[in-house]
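Please build the complex by placing chain X on the supplied structure of chain W, with the hints as guidance.
Next come the chains, spelled out residue by residue.
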Amino acid sequence: MDFFDIGLTLALIICTIGVVWRVSRWFGKWGGEATHPPFDSPVLSWYLLVARGVWTFFLDVVLLARTGRTSRLRWLAHCLVLYGFMGLLLFHAMDETITANVFSAYEPTLDPWQFLRNLFGAMTLVGLALMTWRRVTLRKLRAMTLFQDWAAILIVAAIIVSGFLLEASKIISPAVFDRMVYEYLVPEDGSDVTALKVYWADEYGLVVSERIPTNQAVLEKGALLNEESCVDCHSDTSSAFASRPLSKAFGPLTSALNTSRADEAFWYFHLIFCFIALAAFPFGKFFHPFSTPVNMVSRLGRRDGAAVSQPAELPRGLGMDACTRCGECSLHCSVAPSFSVLGNPNILPSEKLVSLRQFQTEKSLSGHPLDAFAEGSRICTECLRCTDICPSGINLHDLWTSSRTRLSEQVLDPNDVIRQKTASHWSRFFDEADGGSAILPPVAGLADNSQSYWACVQCTTCTSVCPVVAVSEDPSRDLDLTPQQIMNLLRMGLKDQTLGARMVWSCTTCYKCQEHCPQNIRVADVLYELRNTVAARLRDTKKTNCGNGETK
Amino acid sequence: MKYAYFPGCKIPHHLPEYGASVEAVCETLGVGLVKLEFNCCGWPVRHENELASIYSAVRNFALAEEAGLPIFTPCKCCFGNLKYAASRLEEDGKLFVLVDRLLAQDGLSMPKSMKVSHLLTVLDEHVGVEFIELHAVTPLAGVKVACHYGCHALRPSNVTGFDDPLAPTVFERIMQSIGAETVDWDLRLECCGYPLRGRDNVISEALMRKKLEDAASAGADVIATACTYCQLQFDRERDALPFRDSLRKAPPSVLVSQLVGIAMGLDSSVLGMDKNLIPWHGPGF
Numbered sequence: 001m002d003f004f005d006i007g008l009t010l011a012l013i014i015c016t017i018g019v020v021w022r023v024s025r026w027f028g029k030w031g032g033e034a035t036h037p038p039f040d041s042p043v044l045s046w047y048l049l050v051a052r053g054v055w056t057f058f059l060d061v062v063l064l065a066r067t068g069r070t071s072r073l074r075w076l077a078h079c080l081v082l083y084g085f086m087g088l089l090l091f092h093a094m095d096e097t098i099t100a101n102v103f104s105a106y107e108p109t110l111d112p113w114q115f116l117r118n119l120f121g122a123m124t125l126v127g128l129a130l131m132t133w134r135r136v137t138l139r140k141l142r143a144m145t146l147f148q149d150w151a152a153i154l155i156v157a158a159i160i161v162s163g164f165l166l167e168a169s170k171i172i173s174p175a176v177f178d179r180m181v182y183e184y185l186v187p188e189d190g191s192d193v194t195a196l197k198v199y200w201a202d203e204y205g206l207v208v209s210e211r212i213p214t215n216q217a218v219l220e221k222g223a224l225l226n227e228e229s230c231v232d233c234h235s236d237t238s239s240a241f242a243s244r245p246l247s248k249a250f251g252p253l254t255s256a257l258n259t260s261r262a263d264e265a266f267w268y269f270h271l272i273f274c275f276i277a278l279a280a281f282p283f284g285k286f287f288h289p290f291s292t293p294v295n296m297v298s299r300l301g302r303r304d305g306a307a308v309s310q311p312a313e314l315p316r317g318l319g320m321d322a323c324t325r326c327g328e329c330s331l332h333c334s335v336a337p338s339f340s341v342l343g344n345p346n347i348l349p350s351e352k353l354v355s356l357r358q359f360q361t362e363k364s365l366s367g368h369p370l371d372a373f374a375e376g377s378r379i380c381t382e383c384l385r386c387t388d389i390c391p392s393g394i395n396l397h398d399l400w401t402s403s404r405t406r407l408s409e410q411v412l413d414p415n416d417v418i419r420q421k422t423a424s425h426w427s428r429f430f431d432e433a434d435g436g437s438a439i440l441p442p443v444a445g446l447a448d449n450s451q452s453y454w455a456c457v458q459c460t461t462c463t464s465v466c467p468v469v470a471v472s473e474d475p476s477r478d479l480d481l482t483p484q485q486i487m488n489l490l491r492m493g494l495k496d497q498t499l500g501a502r503m504v505w506s507c508t509t510c511y512k513c514q515e516h517c518p519q520n521i522r523v524a525d526v527l528y529e530l531r532n533t534v535a536a537r538l539r540d541t542k543k544t545n546c547g548n549g550e551t552k
Numbered sequence: 001m002k003y004a005y006f007p008g009c010k011i012p013h014h015l016p017e018y019g020a021s022v023e024a025v026c027e028t029l030g031v032g033l034v035k036l037e038f039n040c041c042g043w044p045v046r047h048e049n050e051l052a053s054i055y056s057a058v059r060n061f062a063l064a065e066e067a068g069l070p071i072f073t074p075c076k077c078c079f080g081n082l083k084y085a086a087s088r089l090e091e092d093g094k095l096f097v098l099v100d101r102l103l104a105q106d107g108l109s110m111p112k113s114m115k116v117s118h119l120l121t122v123l124d125e126h127v128g129v130e131f132i133e134l135h136a137v138t139p140l141a142g143v144k145v146a147c148h149y150g151c152h153a154l155r156p157s158n159v160t161g162f163d164d165p166l167a168p169t170v171f172e173r174i175m176q177s178i179g180a181e182t183v184d185w186d187l188r189l190e191c192c193g194y195p196l197r198g199r200d201n202v203i204s205e206a207l208m209r210k211k212l213e214d215a216a217s218a219g220a221d222v223i224a225t226a227c228t229y230c231q232l233q234f235d236r237e238r239d240a241l242p243f244r245d246s247l248r249k250a251p252p253s254v255l256v257s258q259l260v261g262i263a264m265g266l267d268s269s270v271l272g273m274d275k276n277l278i279p280w281h282g283p284g285f
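Chains as they are written, first to last, in my numbering: chain W, 1 to 552; chain X, 1 to 285.
Hints in this document: simulated from the structure, not taken from any laboratory.
Don't take each hint at face value.
Straight-line distance between alpha carbons at most 25 Å, and here's what the computed DSS-like set of lysine-lysine pairs gives [as the list claims (entries may be wrong)]:
| # | chain 1 | residue 1 | chain 2 | residue 2 |
| --- | --- | --- | --- | --- |
| 1 | X | Lys35 | X | Lys115 |
| 2 | X | Lys112 | W | Lys495 |
| 3 | X | Lys35 | W | Lys140 |
For clarity, every value in this text was computed on a predicted model and none was experimentally measured.
So that you can see chain W by itself, here it is in the shape it has in the complex (with noise of 0.2 Å):
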């Protein structure tokens, strides 16, 4: 066993491992219903499936067409990167079990293997910096970007690059030179040698340390002699377009590299980085190549949020997996103006994703991630824009209706924490505990100014025209206070008595209240107001208690 074959072994094992434990988590117990019948979609026969499947395979997967749907630069770099990458992997790398196989000529050294082993490696590249320069340039995505986003980016960037120096340390070193006589070459006498050397220096790119004789006579007599023995197996090396130049460019580096043997150490490297490659395959968004394309077949082509309509259901799973970080459903969020305000990642989709599978598969968050989690989760107003534009066909409705029940069970809102207990237990809860928020920015500042009520007659208007107050048989057990004794308590400056009153809560905001008042008082404002009052407190509390240094 040589280092090719360990590392081959140990990266494969890895993988193995890996990919069977990541998709046996796509048939998971999901806790929630289905969240929509199929009702729009008829039950398709099975050849009308396949047919659909194929067509989505080709369309979706081959052509890349929804990721075009959302970009046309996202688009050029994932084919460069796709095509490319898998380029290098069916024809470079797997050479020996297709290449070889399909095309009974093929040697690695010779055209068009050389030159396309360029093109797809330049391909790669210059998809791999189109990716990074949208997530350099594109503030939003470059915030959502994590360690992952930039791992995959770099790691298939090594790839190629240390291919690229591998391939151009070869075409300047002599060892290498001498590697090839000795296995091809059949010298006569002593000067055959020196003439190839001649011709390979001249035309190859081959770069020799000791003093040769560069006359015509030499040159040719190489060249007849490269004609007989090395055409058959080695094209020129200008066909490598991008190894050649980068040999050259060596500089006065070149002899150093030559003495060490910088090609063997490439070699090296190069390996070692296709290994790691091999070896992540199953983690992160390194999946994707994968998943992604099953998810996208399974869903047939299917943008919206209903079902898909096949035998068996989807695997949620599946879906949590596809996700390649694009961020694309988070550009796109209707409430991303509200994470601006609130700094709760969780409001963006493809990051409330990622609390997702640690709430949903790995049973992992507690604390303050799963109250962001939630309040992600109750944010999000299920416009359906994000499982429109995933260029990965997630159904991401799906995902997020599916957990709403039981992570709005696991974790309350404002509103169910307030009833959990009485008013005047959030009486003396928010008179002791500090006041006012050091993180949210102040709100309208209506309740906390007495001026705001200087004119309350307490003529009680605001509660004889309240709706909720008439459906109440007895509006101080079901409401605690009514409209008008709110702001009487407020005008006196009692805000804290207020803040856990079901009538604050159950406000339906009518706004019937405020239009009636003879003062002018906004009723329905303040009320509106003391919920966001309690909001911010109860978000500030949580955080204190958890201390994670969050709060001042």
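Chain X only, in chain W's frame:
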């Protein structure tokens, strides 16, 4: 006449028939709707954080101004919150600065004007009831309609400027222009109860029950709505009631765009009549 179309978050998935019927009716009546990628109007998050709510709303005005169009929305809660945000910015300089900074972070600038019109206003003022009457090829003669106004467009009237808050007439005018008969009912201007969904379902249902029973006793054949949330309450949420609940027998709720569309002779499947869970078996379809 062209508008930036603001359907709001709930229409695409929760009430697609409203979007479909609004677009069909507007096309028939020559109201141009341009689709921009708006964000949430900010109303749902207003219970949690006012700044998030107002920034969401103002960001939409900024997008509309970049396109040089006023906003058109069929949802009264979207309309109300957009109006509210505009009025808050006017009165609160500190808030203005905060929102301005947030907009700048997003590469947008504070809109100079914040114009938004609700579907009913557009039909009444820009299209005109005479024009609608001319195009009503199959008028809803003999259909008794109870117009449900919805709160957030009507009140607070000094903010929304929608119609007379105590005696509005715009909805009835439009219904009469398509040949329908409008009924007077006591709870015409009351809340549908949807804003309490998830916060206090008991009161939410009580408000809906009281309102629907009042419409039934006033002799209405249908309740007309012009708001996404009101329709969700009277249709989707009502359909979740037990099978034997008497409220199912109360007048079905039909969207204003569906009623106008029927009068225009548009196909009922285009108007999404089959998507209404409490169906209306009206004349002619």
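Evaluated hints:
Between X:Lys35 and X:Lys115, the direct Cα distance comes to roughly 16 Å. Compliance with the 25 Å bound is thereby established for this hinted pair. In summary, the hint linking X:Lys112 to W:Lys495 is not supported, as the alpha carbons are separated by about 37 Å, beyond the 25 Å threshold. Distance restraint check for X:Lys35 and W:Lys140: the Cα-Cα separation of roughly 23 Å lies within the 25 Å cut-off, and the hinted pair is therefore satisfied.
Hint compliance for this structure: hint 2 alone is broken.
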